[in-house]
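Peer 1: Chains as they are written, first to last, in my numbering: chain A, 10 to 69; chain B, 21 to 415; chain C, 26 to 560.
One thing to keep in mind: the hints can contain errors.
Each computed PhoX-like pair below joins lysine-lysine, with the alpha-carbon atoms no more than 25 Å apart [to be verified]:
1) 393(C) <-> 532(C)
2) 46(A) <-> 68(C)
3) 163(B) <-> 298(C)
Residues of chain A placed beyond 12 Å of chain B at every Cβ, according to the derived structure [unchecked claim]:
4) 10
5) 16
6) 18
7) 35
8) 50
By construction, these hints were calculated from the structure, which means they are not laboratory data.
Since we're looking at a predicted model, the values are computed, not measured.
Built from N, CA and C at the ideal position, the CB exists for glycine as well.
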Amino acid sequence: MKKALKFVLKLLGKLSLAGLIAFVVTFAIYMTNAENKIIYYVVRPLLNKHYDSQVRDRRI
Amino acid sequence: MKDLKHLIYFENLLQDAQNELVTKAVAEGKHALGYNCYYIPETLLNLPGCFSSRLRAPRCVSTDIASYYMTTRNCPYVRSILERAIEGGYNYLEALFGAESCAAMERMEEHFVLIHPVKNDKFFSTIIDPPMKGDENNLNYYKAQLKLKVVDKLRDELGVDVSEEAMLKAIEDHNEISRLITEMGDLRKLENPPITGYEFHVIQLVSQVCPHYLIKPYLEETLEELKTREPEPKFPFRARVALVGSEIDDPDFTKLIESCGAMVVADRYCFGSFPSREQIEILPGESAFDAICRHYLQWNQCARFMDGDKIDQRHNEVRKLVENFRADGVIYENMKFCEFWSYEKVLANHIFTNELHIPCCTIEKEYALGAAGQLRTRFQAFIESLEIKSIQGGK
Amino acid sequence: MKLTDKLIKAVDKKLERFDPLWQAENGVGGLRSRYYDKTGVAKYREWRGVKDTFYDYTQWLYNLMSMGQMVASAPVKCLRGFWEYRWMGSYLGTFMFIDRLFEGYRGYELRIAHMNMHAIVQSLTKKIALVLANDRRFGGGPLTDRMVPMDEVLPPLFMAGFKDLIPIPLQTLPEFIICDIDQHIEPYYIDVAESYGLPADVCSRCAAETGVTIDDAFPIIGKAFLSTNMPCNASESTSMFQRRRVNLPYQPVTMAMIHNEPGAHPYSTQELKNAIAFIEKEYGVKYDWNALFERAKQMNEQNTIELEKWDFFKTPYSALVGIAETLYRLYSWASVNGQEDYFTKNDRKVIAIMRKAYEEKYKPFSGKTRHRAFLWGPSAVYYTDFPTWIQNCWGINIVLNMDSTMGHNMISTTDPEQAIKDLALFSEKAVMRHHAVGGWDNVNAVWEWARNFNCDMVLCNDNVACKGMNGVHALLEEQARDLGFHFIFIEHDLEDSRTVSRQDMRKCVNNYMSVVLGEQPLDPTIVEFDDSAAY
Chain A
10 MKKALKFVLK
20 LLGKLSLAGL
30 IAFVVTFAIY
40 MTNAENKIIY
50 YVVRPLLNKH
60 YDSQVRDRRI
Chain B
21 MKDLKHLIYF
31 ENLLQDAQNE
41 LVTKAVAEGK
51 HALGYNCYYI
61 PETLLNLPGC
71 FSSRLRAPRC
81 VSTDIASYYM
91 TTRNCPYVRS
101 ILERAIEGGY
111 NYLEALFGAE
121 SCAAMERMEE
131 HFVLIHPVKN
141 DKFFSTIIDP
151 PMKGDENNLN
161 YYKAQLKLKV
171 VDKLRDELGV
181 DVSEEAMLKA
191 IEDHNEISRL
201 ITEMGDLRKL
211 ENPPITGYEF
221 HVIQLVSQVC
231 PHYLIKPYLE
241 ETLEELKTRE
251 PEPKFPFRAR
261 VALVGSEIDD
271 PDFTKLIESC
281 GAMVVADRYC
291 FGSFPSREQI
301 EILPGESAFD
311 AICRHYLQWN
321 QCARFMDGDK
331 IDQRHNEVRK
341 LVENFRADGV
351 IYENMKFCEF
361 WSYEKVLANH
371 IFTNELHIPC
381 CTIEKEYALG
391 AAGQLRTRFQ
401 AFIESLEIKS
411 IQGGK
Chain C
26 MKLTDKLIKA
36 VDKKLERFDP
46 LWQAENGVGG
56 LRSRYYDKTG
66 VAKYREWRGV
76 KDTFYDYTQW
86 LYNLMSMGQM
96 VASAPVKCLR
106 GFWEYRWMGS
116 YLGTFMFIDR
126 LFEGYRGYEL
136 RIAHMNMHAI
146 VQSLTKKIAL
156 VLANDRRFGG
166 GPLTDRMVPM
176 DEVLPPLFMA
186 GFKDLIPIPL
196 QTLPEFIICD
206 IDQHIEPYYI
216 DVAESYGLPA
226 DVCSRCAAET
236 GVTIDDAFPI
246 IGKAFLSTNM
256 PCNASESTSM
266 FQRRRVNLPY
276 QPVTMAMIHN
286 EPGAHPYSTQ
296 ELKNAIAFIE
306 KEYGVKYDWN
316 ALFERAKQMN
326 EQNTIELEKW
336 DFFKTPYSAL
346 VGIAETLYRL
356 YSWASVNGQE
366 DYFTKNDRKV
376 IAIMRKAYEE
386 KYKPFSGKTR
396 HRAFLWGPSA
406 VYYTDFPTWI
416 QNCWGINIVL
426 NMDSTMGHNM
436 ISTTDPEQAI
446 KDLALFSEKA
456 VMRHHAVGGW
466 DNVNAVWEWA
476 RNFNCDMVLC
486 NDNVACKGMN
496 GVHALLEEQA
506 RDLGFHFIFI
516 EHDLEDSRTV
526 SRQDMRKCVN
536 NYMSVVLGEQ
546 PLDPTIVEFD
556 DSAAY
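Excised from the complex, chain A in its bound form (with noise of 0.2 Å):
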């Protein structure tokens, strides 16, 4: 019984921690804005490098 809430303890307590630890990582992207500025200087210039190369069947 007692290993058993020992285990519960344990496990909630490893929940627990990792809960904060991604509160506390997506919280750190959501207030420095990180992925936003990840999209803008980084993911989108080479998208647009990408799509400006693409040939497109272009016609009427």
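Let chain A serve as the given structure and place chains B and C on it in line with the hints.
Peer 2: Quick look at chains B and C alone, frame taken from chain A:
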């Protein structure tokens, strides 16, 4: 060629919307009925006691007041018409029958009611919602709109006879005028025609802006004259073109093309004879009114039609004109700020150039003939390319 | 007061100097202070106080999850979509888009705004995944032949009678919605169309649509295509190009343009009947009226709630405001049109909050609203956050806009003949054409709407290429003068931010507010700024 006897007279008739024949008809008690668009059947406005007057704004040099109302970012044709109305140029009208054929046209026609530019106590105006397809539902809607907003209005507001007999008489009048114009126009099919595109444009225009019963004797006489008119010893142009587009009511535009060396052999534009001068036939079991509505929907080749059949029809009709009138190429015109023709000319240019292999030139113009120098350069280049093609045996 | 509330209040007090609204009030910065110049990229997210920042963060997570689900539902095809379609790349700007829409939002208005926004995000991400997963360009999918590509301005509710078919507003993904998110995407397609000879003075929305068509950038789906004449001339013309390029059996559903006349409705009703017959023939399926009735019930409930919302809009205590109202109504009406239960459920929750806020006499934006405005005419798609800016800068609350007044008549849920008539009326009052097309009376209705909603101001979107609205320019101005409304024309070019930039649009308001009304801005950092490089 020897000058046509009535050409100067016709040209003078085109200098004002209210020309001497219009004034005469009004003095004789005829109802002057204005319209702007093929969607309003000219035939219905020529019921006994009435005459049609397709609105133009000749010699319009400024649209300042109309631009105040509609901005400078709108169709110059509609602004010119509104300006002329505000100037008092249409005070002879008893009615304007409008069509929501495009947003700019509809707004302009609304101003005829909202700001009362026409100083005529009897004046009234209606606007139909014209169809966008050629199917049965659209034909029924077209009929209902014309009945409600043209025929019933003529009867109720002006006491016009709208009976079957009256309609038959209007069709007879239409067919007679159309026969005269078509006979003259068909002369352009000849290798060396006894008529120029400019002359025909003038003749076609007077048939649209003058009371039919007053202009008809002059047209008859001109047709007889043309039958015996000696053309130039040698075809005086370097190429033949079909002119396609919207509200081209300035014969000087045709003259400009011809002065660059190409005869305008076919006129498929809003003020042109294609469509407008086809014979109205009454099918078995059809009333005269039904025949008029069917005829106008069937022949209408407006760029606003959306169904596949009508889209294809308007390109096929131009192709037929090119063949029948032996045109070397097509000039597509659109009025500045015209949504429909802006798109149509892109599509048509592709179809004619790449699919039908008929040389095509597209231009954009103002209503009043401005920027003639630029247009001249475009036309000269196009005509030169037609000439080169002809020299190279069509390659 | 509970201990946590006290704690939050203490933290809020401590950190208030980071709140841009506090900064603006105290002359030490404002909403623009946290941005890198021109880009629209914020150095950090807006501090709105503990509760609101945390709420905003959770909603960010929800939206992130929706996007994750989208990719997870069809990973390969979604990635191929990103690779194939230029417009797909623009969807990466969604988070930045949401941030700028709800700048300065707090409390109830922030909650409702996010609820509405999430409804759109979850719907749109599903739709994108669905379309890409069945795009023939990527090998098609099980639903490819059950999809019906339709013009986005044709309200799809009538299609609900085909319960096994999926109507897809064709232009919405590559053109309309994405222009909301990224102001730089449509100019590319406009240039494509213009390179084929299309003049630059036509409506940019339709030019963009044509560019997408020519550039072969529509997903390839379905067995037949329904186009429409709505809302106006240029969109009628674009159909000619789509007919060729989509290259499927094609039926234009042409609704009456002058639609406020008795004769119009029988015609439009028959057009809808013909469209149904066309789909039955092309897809080999039978129309099921009961299936329509089920969805019509949803639409009716949404419209009933909408009408109740209007009652709140008439007061200073509406928690649903500005772009949160506009964008949601536009998407839920024009794109969803009763077909997704999520929106009905969302409406129920939103109206409950609105009732509560009203009872509490809650004033949005901390009661800083100075003017109540009715927004008329089609709005600039590339400046979706304009209502947010105008509230934050000048305290002008846009209480309702023209497009939100779209079809709100009830649809019969028992009688097929009545239902199709109701649908015709409903469809004639579609987006961008209900009031902008069909006669002066429809445009002139603005004053009555403005009066009913207790507005002292009318903002009139002045799309430089809209021939219909240009045609009543002076009449509108004269009416405003005669009826005593503050009236501002806001020039824009609908989807081409190069012609009239966002700053140019702001200038129209700035000039009026400072020169004519002599007022001071609430936040001087956002009066003039360069966001030309922002999405």
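Peer 1: If a hint holds in the structure, say so; if it doesn't, say that too.
Peer 2: Hint check results:
no.	hint	in the structure
1	393(C) <-> 532(C)	21 Å, holds
2	46(A) <-> 68(C)	8 Å, holds
3	163(B) <-> 298(C)	20 Å, holds
4	10	78 Å, holds
5	16	71 Å, holds
6	18	71 Å, holds
7	35	48 Å, holds
8	50	38 Å, holds
Checked against the numbered hints listed earlier, the structure breaks none of them; every hint is satisfied.
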